[in-house]
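Model the full assembly from the supplied sequences, consistent with the hints where possible.
For the sequence shown, UniProt numbering begins at 1 and goes up steadily by one.
Only true hints are included.
Simulated DEER-style distance windows between Cβ atoms:
#1 Met105 <-> Pro73: 39 to 49 Å
#2 Thr120 <-> Pro171: 19 to 29 Å
#3 Thr120 <-> Pro72: 31 to 41 Å
#4 Gly60 <-> Ala111: 39 to 49 Å
It is worth saying that the hints were derived from the structure and are not from the lab. Even for Gly, the Cβ is constructed at its ideal location relative to N, Cα and C.
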Amino acid sequence: MPPLPHHLRDRFAGRVRDRFVGRVSGRVRDRLWDHLPRHVPVEAVRALALWAVLALLAAGAWRPLVRRRGWPPLPSLGLLLWTCLILAMTLPMAVEPGAGERLSMCLAHPAGRVGWAARTFGDRGLEDVMNVALWVPSGALSVLATRRAVAAPSVLALAFVAVEFLQTLDPGRECDPGDMLYNSTGLFLGALAAGLAIRARRGLAPHDDAAC
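Structure below.
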């Protein structure tokens, strides 16, 4: 059998290579994709987009807020941006029927669920830790910005309790009184750390520099 011309041989080799490589790479891609949580990329993109929108709104309100309230600029900006980040991660991404039923489940035995959450902290691993740690900066920045060691984190805690209830609108989220406890704990730990830092730096009594 005479050898194939170069152009036919190259074309045949290219087809074999493309078909083989394409099939193998497709199998590898599908296998890797099957092991990834498919909701994660969508949730991440939505959260980043929402954070960008909220951050722009916060940046627009930042200067007037600082001028009107007399708050220090940098802690105020940090408080707004970090709080927007948490909101972007916790606000519902969808509104679907059944919110009333989900709210009833959330409100069923709240004291027992809060007590259970306190006793079992850490059982969910990193999720429990992050439910506290992510709220610490907001608590600290709220005190550094407003100099109100009790009122500022308390208002934030109530706001995030409301956000937790809003999660009943989205069946993909879970309204959990235990998370309310963890979030509030993070806020008050941050507020405590900021209050101690202010006192250590200026040598003032807590009621003089961080009044309620």
